[in-house]
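In order, the protein sequences belong to chains Y and V.
Counting from 1, position 75 in the first sequence corresponds to residue 75 in the working numbering; the numbering is continuous, with no gaps.
Counting from 1, position 155 in the second sequence corresponds to residue 155 in the working numbering; the numbering is continuous, with no gaps.
Honestly, I wouldn't trust all of these hints.
Claimed, not checked - Taking lysine-lysine and the DSS-like style, the derived pairs with C-alpha atoms no more than 27 Å apart in a straight line are:
1) Lys-64/V x Lys-409/V
2) Lys-298/V x Lys-349/V
3) Lys-453/V x Lys-322/V
4) Lys-453/V x Lys-91/Y
5) Lys-313/V x Lys-298/V
6) Lys-437/V x Lys-409/V
7) Lys-91/Y x Lys-58/Y
8) Lys-451/V x Lys-91/Y
9) Lys-451/V x Lys-313/V
10) Lys-117/V x Lys-437/V
11) Lys-437/V x Lys-58/Y
12) Lys-457/V x Lys-349/V
13) Lys-457/V x Lys-114/V
14) Lys-457/V x Lys-409/V
15) Lys-322/V x Lys-91/Y
16) Lys-58/Y x Lys-5/Y
17) Lys-298/V x Lys-58/Y
18) Lys-56/V x Lys-313/V
19) Lys-58/Y x Lys-114/V
20) Lys-437/V x Lys-91/Y
21) Lys-457/V x Lys-64/V
By construction, these hints were calculated from the structure, which means they are not laboratory data.
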Amino acid sequence: MTRVKLERIAAARSGDKGEGSNVGLMARSPAAFAFLERALTEDVVRRHFAGINAGAVKRYVAPNMQVLNFLLLDSLGGGGSASLKTDAQGKTHGLALLRLELDVPDDVLAATPAPAP
Amino acid sequence: MTPLPQRPRREPVLVANGQGFWGDSILGPIRLVREGPLHYLTLDYLAEVTLSIMQKLRGRDPQKGYATDFVALIDRIAPELVAQGIRVVANAGGVNPQACMEAVLAVLAKHGAKGVKVAIVEGDDIYPDLDTLLASGEGLGNMDTGRPLMDVRARVTSANVYLGAFPIAQALDQGAQIVITGRGTDPGLVLGPLIHEFGWGPQDWDLLAAGTIAGHIVECGAQCTGGNYTDWRRIPDMAMIGYPIIEAHADGSFAITKHTGTGGRIDRSTVVHQLCYEMGDPARYLTPDVIADFTSVKIEDDGPDRVRVSGAKGAPATPTYKVSCSFEDGWKATGQLTISGPDALAKAKLCAQIVWQRLAYDGFEYGPNERIEEYLGANVCHAGIAVPGANDPAEVVLRMGVKGPDRRKVDRFGSELVPLVTSGPPGVTGFAGGRPKATQIIGFWPALLDKSKVSTKVTVVES
């Protein structure tokens with residue numbers, strides 16, 4: 001096991017979806033996807049975003065894309081033009097997820113190419 | 001109506017999207033028509049927030065309320081469109097497609113372009129029928145909260161359904177070279193031309209799903225060619241980033257590519273990034289035309305800057321349209337100051353406390369959900385997540401805001417920000433743009449409406 005930032009084994013993109021945000025997470029390898037499908041539960045993501053998201057977290061899985069898709073249901077301070085937040089559309093929530101630190105098995109790391117420097 | 005000239009089916013059909021939202025760079029579509037072959041140019045001008053802005057504009061001037069950027073663009077590219085026969089599909093009509101068409105016809109006349117057919121698709125605007133619909137038993141209940149629309153009826157300022165791709169195909173069938181729609185789905189801008197070209201039917205679920213997925217991939221323009229991409233250092237020549245082109249086949253398979261020599265990058269990863277954007281449930285991406293299953297497709301690298309997508313599956317569309325209503329939902333004001341170091345963050349926190357205390361002294365207090373203070377530079381975007389250096393930034397932008405139903409109370413906030421320059425801690429600067437004033441909040445009200453209650457209309461006019 002090695003403690004790494006999620007960015008080492010996944011990429012992400014986010015945007016708004018109603019009063020919440022949609023955070024898509026793409027594993028960088030099949031091994032990383034299999035690991036993340038087990039490790040990255042709704043509860044782990046909800047706790048990581050406790051300072052941003054006041055609502056529940058819903059997870060969807062798309063194996064063909066090696067994607068886990070998370071909906072943070074109350075993360076935009078009201079959403080749309082009602083929000084007072086700078087990031088009223090959750091554009092930065094994907095990068096926020098990639099800051100998560102987790103213990104990753106070394107065989108998963110070995111099977112996952114690191115992002116270009 | 002003159003019948004369309006018979007022409008052989010062309011394959012692949014090249015459909016590009018040159019505009020991801022109202023305010024996207026005009027260079028996207030200009031370079032698309034200059035730098036390589038193209039059959040269709042689609043342009044998406046409507047984000048969720050855009051229609052509320054257009055609604056405000058139309059309120060002030062009945063000739064406004066559409067994307068004026070679109071008219072400026074047609075002015076720039078009219079000669080290329082005519083010379084190459086490129087057809088344009090744009091949701092630039094906003095809440096006023098008729099005025100948009102008139103402006104486009106005026107521009108075409110200026111260029112001496114005669115015989116160009118311009119179409120508008122109408123029927124999305126149900127605002128005039130709202131009371132009839134409510135009286136007939138349609139509750140238009142809020143999809144998120146369940147509240148009936150009657151609760152806010154007096155404050156509703158617009159109501160539009162998201163139309164699908166078939167009215168666009170109908171306009172193209174009638175020979176339109178430029179199709180202007182109001183509110184419709186973003187992927188429908190791409191699906192419409194494919195229905196027209198390949199003769200796909202309203203129950204060809206897999207094919208409609210394929211065209212919808214193609215449309216979703218390109219709907220945000222450069223977001224699938226390397227824009228807003230995690231590994232941004234891998235993206236070459238972002239300044240000259242190419243906008244995406246779909247090479248579509250009649251069997252529903254397609255490739256995503258861009259013109260040779262343009263910047264950016266297309267590979268499996270940049271395409272999957274965009275598939276995830278605003279995706280929701282990947283197995284059930286709902287449009288009025290089909291329920292597309294994003295988990296069904298095979299996505300493969302197919303050479304440099306080229307990704308092949310195939311195998312799309314779709315399920316029958318639901319019997320309802322999604323409705324987006326906007327309504328007046330109070331007032332808000334935000335403003336900002338810059339506070340330099342040393343001790344920038346501590347001084348910025350003192351500034352915020354001073355503002356709230358002075359306002360309270362004068363009888364103006366704002367609840368926790370009615371106010372915000374942000375310390376930009378000290379980790380606002382990723383609040384609650386450990387970020388190195390966030391506790392001692394060299395300088396901080398203090399951004400404060402309030403909202404609520406009382407306009408006077410919101411305006412009062414704006415006058416307590418600038419006094420900090422002389423009556424707060426040292427190093428307060430960067431006050432620009434005048435005293436923050438209350439602006440109206442336009443709330444969204446998502447609802448569903450039975451499709452039988454809506455009729456669409458296509459009108460074609462020749463320049």
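Evaluated hints:
1. In summary, the hint linking Lys-64/V to Lys-409/V is not supported, as the alpha carbons are separated by about 31 Å, beyond the 27 Å threshold.
2. With a C-alpha separation of about 52 Å, the suggested pairing of Lys-298/V with Lys-349/V is violated against the 27 Å cut-off.
3. For the given pair, Lys-453/V sits about 12 Å from Lys-322/V by alpha-carbon distance, which is consistent with the 27 Å threshold.
4. Restraint check: the Cα-Cα separation between Lys-453/V and Lys-91/Y comes to about 36 Å, which exceeds 27 Å; the hinted pair is violated.
5. Taken as a hint, the Lys-313/V and Lys-298/V pair is honoured in the structure, with Cα atoms around 11 Å apart against an allowance of 27 Å.
6. Taking the CA atoms of Lys-437/V and Lys-409/V, the gap is near 11 Å; set against the 27 Å cutoff, the hint holds.
7. Using a Cα cut-off of 27 Å, the hinted pair Lys-91/Y and Lys-58/Y holds, with the two alpha carbons roughly 18 Å apart.
8. About 33 Å separates the Cα atoms of Lys-451/V and Lys-91/Y, which puts this hinted pair outside 27 Å; it is violated.
9. Pair hint Lys-451/V plus Lys-313/V holds up; C-alpha atoms about 23 Å apart against a cutoff of 27 Å.
10. Note on Lys-117/V and Lys-437/V: the hinted pairing is violated, with a Cα-Cα distance of about 44 Å set against a maximum of 27 Å.
11. Annotation: proposed proximity of Lys-437/V to Lys-58/Y is violated, straight-line Cα distance about 38 Å (limit 27 Å).
12. Proposed proximity of Lys-457/V and Lys-349/V is contradicted: the alpha carbons are some 56 Å apart, above 27 Å.
13. Our distance criterion of 27 Å between C-alpha atoms is met by Lys-457/V and Lys-114/V, whose separation comes to about 24 Å.
14. A distance of roughly 45 Å separates the Cα atoms of Lys-457/V and Lys-409/V; the hinted pair therefore is violated under the 27 Å criterion.
15. Restraint check for Lys-322/V and Lys-91/Y: the C-alpha separation of about 24 Å stays at or below 27 Å, so the hint holds.
16. Proposed proximity of Lys-58/Y and Lys-5/Y is supported: the alpha carbons are some 22 Å apart, at most 27 Å.
17. Using a Cα cut-off of 27 Å, the hinted pair Lys-298/V and Lys-58/Y holds, with the two alpha carbons roughly 25 Å apart.
18. For the hint pairing Lys-56/V with Lys-313/V, the CA-to-CA distance comes to about 40 Å; that exceeds 27 Å, so the pair is violated.
19. A hinted pair counts as satisfied when its Cα atoms are at most 27 Å apart, and Lys-58/Y with Lys-114/V does not qualify at roughly 54 Å.
20. Note on Lys-437/V and Lys-91/Y: the hinted pairing holds, with a Cα-Cα distance of about 26 Å set against a maximum of 27 Å.
21. A hinted pair counts as satisfied when its Cα atoms are at most 27 Å apart, and Lys-457/V with Lys-64/V qualifies at roughly 21 Å.
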